[in-house]
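K.L.:
Next come the chains, spelled out residue by residue.
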Amino acid sequence: MATLELAGLRKCFGATDVLRQIDLSLASGEMLVIVGASGCGKSTLLRMVAGLEPPTAGRILLDGRDITSEDPSARDIAMVFQNYALYPHMTVFDNMAYGLRIRGLSREDISRRVDESAALLGLSELLNRKPRQLSGGQRQRVAMGRAIVREPKLFLFDEPLSNLDATLRVRTRAEIRRLQRRLGVTSLYVTHDQVEAMTLGDRLLVLHEGRPAQLATPMEVFEHPADTYVAGFIGAPAMNFLPAVLTDAGTAAKLEAGPLLRFVDGRREGPEGKALTIGIRPEHILIDPDGVPIRIDLVEPLGSETLVHGRIAASGESPLVIRLAGRAPEGEILSVGFPPEEIHVFDAETGLRLP
Amino acid sequence: MNPGRDPVAHIVLLFGVILFVAPLWLVFAGSTQDPAAIARGELSFLPGHEGFSAYARVLNGPVPRMLLVSFGMAMAIAIGKIVISVLSAFAIAFFRFPGRQVAFWLIFITLMLPVEVRIIPTYSVMSDLGLINTFTGLWLPLIASATATLLFRQVFVAIPDELVEAARMDGAGPLRFLWDIVIPVSAANIAALFVILFVYGWNQYLWPLLVATNPGLDTIVIGIVKMIAVETETDWSAAMATAMLALLPPVVVVVLMQRWFVAGLTEVEK
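Chains as they are written, first to last, in my numbering: chain S, 4 to 358; chain Y, 1306 to 1575.
Isolated chain S, as found in the complex:
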């Protein structure tokens, strides 16, 4: 159990800023998921915490101790790698025991700890196997086991599920969460998968081009995205964005497509006619005979629901995705409405949420 604090962490490679100014504080036992598209700097952030990459500026504090310039092995941190990085010539037992041997633990302590962790992960039968004799899911568990036996203060996960097939990924995701809760070890988890991010994290840090775009609980991020990037990144299918302008003394948005949407949660600052982006999630769009006509491009039936891809005929053909419960309606034109209580209002220029 330990707290982790990152203060003003920056990383430049040459003249490129990969990460600028990350300030972060994790409570003891918290699991924080760092999510972002590839190249957003999330792996670099993790590697700096691990000690595999020196930060350009800033400090890393683990349990109040400054570990910024310490060697990876002295940090009391364990990491699960994307490709597992198991030692190919060692058995499962030796893979898990290696770090403990280097730390000079007694033979009995090592075998007790490895046996405990193996039992926890269901690896007890596999301890004498070599990595190449294991399936992908088993290798992943060995990689987890290698982190667990160390009994570290902090776990780092670098996209540990991305090499697994879809079914296994869902199962392992739940396993990781259960295990992390049970062991109560503070964790940083890096992923590009927003479903993993939503399900695993106590809190999410959304990174966008090296900048923290939002740091909040998953539901907060989902319900109140800080900007259009976060809004578009979290949630699948992605949020729809519609151009609009501010009107009626800041109490409503006039969509380019026609309808006037009155804000239910108070007025927005700004001059009359200010350019806005209105966001609305596909599942919140309703069928409304008096609404905006949509020309349907494509219908994707998913069984329990249907995704309808269409375009608003009236306003420059803006694309729109609608998620309908049940079957899709017949015909080429669908008339939809945007419930005002479900819309997100963003400044069209900066992309930031207008509260």
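Calculated directly from the structure, the hints in this document are not laboratory data.
Take the hints with a grain of salt, since some may be wrong.
[As the list claims (entries may be wrong)] Only pairs whose alpha carbons sit at most 25 angstroms apart, straight line, appear in this in silico SDA-like list of lysine to any residue:
#1 K133/S / L1522/Y
#2 K133/S / R1481/Y
#3 K133/S / N86/S
#4 K133/S / I1488/Y
#5 K156/S / G1478/Y
#6 K133/S / D1466/Y
In this text, all values refer to a predicted model and were calculated from it rather than measured experimentally.
Since chain S is already given, all that's left is putting chain Y on it; use the hints.
P.N.:
Positioned in the frame of chain S, the structure of chain Y alone reads:
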């Protein structure tokens, strides 16, 4: 297609085998014949009536010691080359230090300078070190190997970065990492290279000829050459018997190491 029943393939294969084996057979046949008859040019394809008497003759002479010298030299060269090239490739592949590229290119350039080209300066250095006519002098100058260094560098560079990082997080220092991870992971390559380097060392001729004039340090290859004297009458069956004996250690090493090396590559269950 049944690979066992293709006559053309078999004929071609048989021809290849004959091409390789015939000279060896001739040497073996010669080693069992009367040396005087061979000297007259009457080398028969069939084994002669002398039996293994020529072998007994050479084995009672200096040949066993020559075999020992050759074996020691070949082992020292093979092991020395592997130790040095593994260490230098390790440095080049895993560490960022000033002059790394320069070191790499300097090693690379020495590829263009085989032993024969630098033999005079090498001799001079050995002479300054007082290593002429010593066993150390036989192998020491031959243990630097640019080829092996480059080969190991390629092998090491192919080791995934994440494996290196995992070892770092497990707390393995550089030498520990080398010993626990790098060497076991590249064991098959080391075995393969050992075979090649042992044969290379065994077949050295020019350098041992120059550096050691003391007959006690004659290698088996030099011994054979000395037997084929120009002026006096050559004991041909003895020379051929020695050649047969000289063939055995490299064959044994190849056979033994090849088994181990294949096992290292294909090992699945243990």
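K.L.:
If a hint holds in the structure, say so; if it does not, say that too.
P.N.:
Against the structure, the hints come out as follows:
1. Of the pairs offered as hints, the one joining K133/S and L1522/Y is violated, with about 47 angstroms between alpha carbons and a cut-off of 25 angstroms exceeded.
2. As the CA atoms of K133/S and R1481/Y are separated by approximately 21 angstroms, the hinted pair is consistent with the 25 angstroms bound.
3. For a cut-off of 25 angstroms, the pair hint linking K133/S to N86/S stands: about 16 angstroms separates their Cα positions.
4. Of the supplied pair hints, the one linking K133/S and I1488/Y holds, its CA atoms being roughly 17 angstroms apart against a limit of 25 angstroms.
5. Of the pairs offered as hints, the one joining K156/S and G1478/Y holds, with about 21 angstroms between alpha carbons and a cut-off of 25 angstroms not exceeded.
6. Straight-line distance between C-alpha atoms of K133/S and D1466/Y comes to about 20 angstroms, which keeps the hinted pair within the 25 angstroms bound.
In the structure shown, a violation is registered for the earlier hint numbered 1 alone.
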